[in-house]
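Trainee: This is what each chain is made of:
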Amino acid sequence: MKLHEHQAKTIFAEYGIPIPNGKVASTPAEAAEAISSFGGRGVVKAQVHAGGRGLAGGVKVVGSAEEGREFTDGLLGSRLVTHQTDASGVPVDTVLVEELADIASEMYVALTMDRNHRGPVLIASAAGGMSIEEVAATNPDAIITEAVEPTLGLMPFQCRRVAARLGMSGATARQGADILSRLYRIFTENDCSLVEVNPLIVTGEGEVVALDAKMDVEDDALFRHSNLHALRDRSQEDQLEARAADDDIAYVSLDGSVGCLVNGAGLAMATLDVANAAGAAPANFLDVGGGATEEKVATAVGIILSDPKVSQVLVNIFGGILRCDVAARGIVMAYEEHRATQPMVVRMLGTNLEEGKEILAHSGLDVTFTDTLTEAAAALSARAGAQG
Amino acid sequence: MGILLDEQSRILVQGITGREGSFHARACKAYGTQVVAGVTPGRGGQLFDDAVPVFDSVGDAVDATRANVALIFVPPPFAADAIAESVDAGVPLIACITEGIPVQDMVGVYRYVKASGVRLIGPNCPGMINPGARCKVGIMPGNIHMPGRVGVVSRSGTLTYEAVGQLTDLGIGQSSCVGIGGDPIIGSSFVDILNLYNDDPNTDMVVFIGEIGGTMEQEAAEYIGSSEFTKPICSLIVGATAPSGKRMGHAGAIITGESATAESKTRALEAAGAVIIPTPADIGVTAQQTLRGAGLL
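Protein chains in written order, with our numbering: chain A, 1 to 388; chain B, 1 to 297.
Quick caveat, the hints were computed from the structure, so don't treat them as lab data.
On a predicted model such as this, the values are computed, not experimentally measured, just so you know.
Note that beta-carbon positions come from the ideal geometry of N, C-alpha and C, so glycine has one too.
A couple of the hints might just be wrong.
Here are the simulated PhoX-like cross-link-like pairs (lysine-lysine), alpha carbons at most 20 angstroms apart as the crow flies [unchecked claim]: (1) A:K296 x A:K357; (2) A:K214 x B:K246; (3) A:K2 x A:K214; (4) A:K23 x A:K214; (5) A:K2 x B:K246; (6) A:K60 x A:K23.
Examples of chain A residues toward chain B, derived with CB under 7 angstroms [claimed, not checked]: (7) P20; (8) L55; (9) M113; (10) R118; (11) G119; (12) P150; (13) G153; (14) N263; (15) G266; (16) A270; (17) N276; (18) G279; (19) A377.
Which chain A residues stay away from chain B? Per the calculated CB distances, all over 10 angstroms, these [stated by the list, open to error]: (20) I19; (21) S26; (22) G74; (23) D93; (24) N116; (25) A164; (26) R165; (27) I359; (28) G364.
With the rest of the complex left out, here is chain A (with noise of 0.2 angstroms):
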């Protein structure tokens, strides 16, 4: 789960992380009055789930609370198009409008999970503003990274280590090194994926300050954090991933034609793979899970449904605990609600098979039964070829 920059500086702030003065407006009025009472100037901030802002035009410095309200006018209710999002973008509902900073430095800080390590590292760089992909890729050696032993947690020798290299000094370095302990806090104790401060600061006055905040928490630990789950903004998810995220049914939307309803991740990003080999391009990724019901299933196919640019849809189930017959009762119970006609090309097997078949077979749908995969692909090649 993804929260909003303000969302996280609140939580940076109850640790006891410098951030700048600041507002969260969702009106124009609300952003000009907040940049009147920082004396006139201020930056305002489109509040979404998506780097790059600052290129999207997302981000501006602003001399006047009137200059203020006009571009916070301009973006409420817009959506916002980022390197990081799809063609559509994420809808800006509110702004955050903040005392300029005076800036002497920015460098780059971030707690992740690394795999290869199997626990957290401490990613840095003295070139904050960059992304670091874009710092990984034109200057590698300028990455300082802290590998974290977990049982220990991020070491006092490790934050004066990083501070040291990032180019700080005397008390600066000491409030910075107090920076990084602090954000590790934040990293474990909510358990998150990703916590991330581009730009971190040093003032004119030598003061450390995190001038933006990116927290992602982790999905499957968000039950012991009831505290976080009202931090959730569902406008700035994809509308299918977040229904279909509801029931338990991991689905990712994709740019093809062809809905896919499989169990199993593995087989459903196989699935994915013999479609796309045949030139029938997948519309979307979704499994189902294997204790699926009748009605999960029906969710499932509704989704896919609901999907426009699906004209045709893959079933591959390959039925140990999902039996046949629940998957086509699901399915029929789905396009009966949706009075859906899509053709389907359905691949089954396993528990009850011949009763699921049977069930497809007397729903009136135009259904194409394969046994195995490559006669699936050939179906779905032939009517791919079939709409041109």
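With chain A held as given, fit chain B onto it using these hints.
Mentor: Using the frame of chain A, we list chain B on its own:
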């Protein structure tokens, strides 16, 4: 023979009284597996299905039944504790089926498992099976398997069944099948399992199925390309159509950079001398051709 399991494997099921645990404990038993104990805290003294004694702790279960394999179906918030309890009780082989364990829980448990010299399969995996020994420790449908001499290793559940189904349809039996799990932090890597197949005299060839995310397949490629690994191997990487940055069902299946893509992994395996399976529909036929080519069929 085969790897990990044999006729001497004695299974204890953690979470045996739960919905998933009871269903699969029954299926394992029906397949022929020796399910000797169940563990559910607070249910000690009961009998599961009038046959399998249930204990309050793994320690009690091991003492009473000499169980030597643990199979875990405990819900995610308690699964890390369940793994640690089996490690503590001295169980040498653990398969954790549970999906959705918080990563930070696994960070700690992974280190405890490694420091104790225990072998952990999973979490978020289908488990393992040795068809020749009629021993199934997991959730795979037993009936699709057939005893034989091809070892299967994969990150996934149903995709492993798909691979096994294609092999069995062509009359190609399996020495063992292992699903190592779809999470970012898992107990056993591809290299760990390939190493076991390499040393197993009853495995002639390996079918290896990887997916997008991480670099475990590249590490496997390095091992496969080394002089140490001596057996023919066919490999498939799924997720070629996955977009970058999106989690494809498995918590670990996410493209975070060039090395995590299917193309990069497939290239590494090809360079290491693995036979590349063209599409997921070709697992069986590619294995058959490779066995024939090596004079093994």
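Trainee: Each of the hints needs a verdict: does it hold here or not?
Mentor: Checked hints:
1. At most 20 angstroms may separate the alpha-carbon atoms for a hinted pair to count; A:K296 and A:K357 meet this at roughly 19 angstroms.
2. For the hint pairing A:K214 with B:K246, the CA-to-CA distance comes to about 18 angstroms; that is within 20 angstroms, so the pair holds.
3. Distance hint between A:K2 and A:K214 is fulfilled; the C-alpha atoms sit about 8 angstroms from each other, no more than 20 angstroms.
4. This hinted pair checks out: A:K23 and A:K214 have alpha carbons roughly 17 angstroms apart, not beyond 20 angstroms.
5. Note on A:K2 and B:K246: the hinted pairing holds, with a Cα-Cα distance of about 14 angstroms set against a maximum of 20 angstroms.
6. Of the pairs offered as hints, the one joining A:K60 and A:K23 holds, with about 15 angstroms between alpha carbons and a cut-off of 20 angstroms not exceeded.
7. The closest approach between the C-beta of A:P20 and any C-beta of chain B is roughly 29 angstroms, which is over the 7 angstroms cut-off, so the hint fails.
8. Look at A:L55: its Cβ only gets to about 18 angstroms from chain B, farther than 7 angstroms, so that hint breaks.
9. Given the 7 angstroms rule on beta carbons, the hint for A:M113 holds: about 6 angstroms separates it from the nearest Cβ of chain B.
10. Hint status for A:R118 relative to chain B: holds, with the closest Cβ pair at about 5 angstroms, below 7 angstroms.
11. About 5 angstroms separates the beta-carbon of A:G119 from the nearest beta-carbon of chain B, less than 7 angstroms, and the hint is met.
12. A least Cβ separation of about 5 angstroms between A:P150 and chain B falls short of the 7 angstroms threshold, and the interface hint therefore holds.
13. Taken as an interface hint, A:G153 does not check out: its beta carbon lies about 11 angstroms from the nearest beta carbon of chain B, beyond 7 angstroms.
14. Interface restraint check: A:N263 against chain B, minimum CB-CB distance 6 angstroms, threshold 7 angstroms, status holds.
15. Because the closest C-beta pair between A:G266 and chain B is about 2 angstroms apart, less than 7 angstroms, the hint holds.
16. With 7 angstroms as the threshold, the beta carbon of A:A270 comes within range of chain B, its nearest partner Cβ sitting at about 4 angstroms, so the hint holds.
17. At a threshold of 7 angstroms, the smallest CB-CB gap from A:N276 to chain B is about 5 angstroms, leaving the interface hint in force.
18. With 7 angstroms as the threshold, the beta carbon of A:G279 stays out of range of chain B, its nearest partner Cβ sitting at about 12 angstroms, so the hint is violated.
19. A cut of 7 angstroms between beta carbons decides the hint on A:A377: the least distance to chain B is about 6 angstroms, and the hint holds.
20. Listed as outside the interface, A:I19 is consistent with that label: its C-beta sits roughly 25 angstroms from the nearest C-beta of chain B, beyond the 10 angstroms cut-off.
21. For A:S26, the condition that its CB be more than 10 angstroms from all CB atoms of chain B holds, with the nearest at approximately 29 angstroms.
22. Every beta carbon of chain B lies more than 10 angstroms from that of A:G74, the smallest distance being close to 28 angstroms; the non-interface claim holds.
23. The non-interface label for A:D93 is consistent with chain B: the shortest C-beta to C-beta separation is roughly 23 angstroms, beyond 10 angstroms.
24. For A:N116, the condition that its CB be more than 10 angstroms from all CB atoms of chain B is violated, with the nearest at approximately 7 angstroms.
25. Distance check on A:A164: its Cβ is at least 27 angstroms (rounded) from any Cβ of chain B, clearing the 10 angstroms threshold; non-interface status holds.
26. With a cut of 10 angstroms on Cβ distances, A:R165 stays outside the contact zone with chain B, its closest approach being about 23 angstroms.
27. A cut-off of 10 angstroms between C-beta atoms confirms that A:I359 is not in contact with chain B; the least separation is 21 angstroms.
28. The claim that A:G364 is not at the interface with chain B holds, since no C-beta of that chain comes within 10 angstroms of its own (minimum 29 angstroms).
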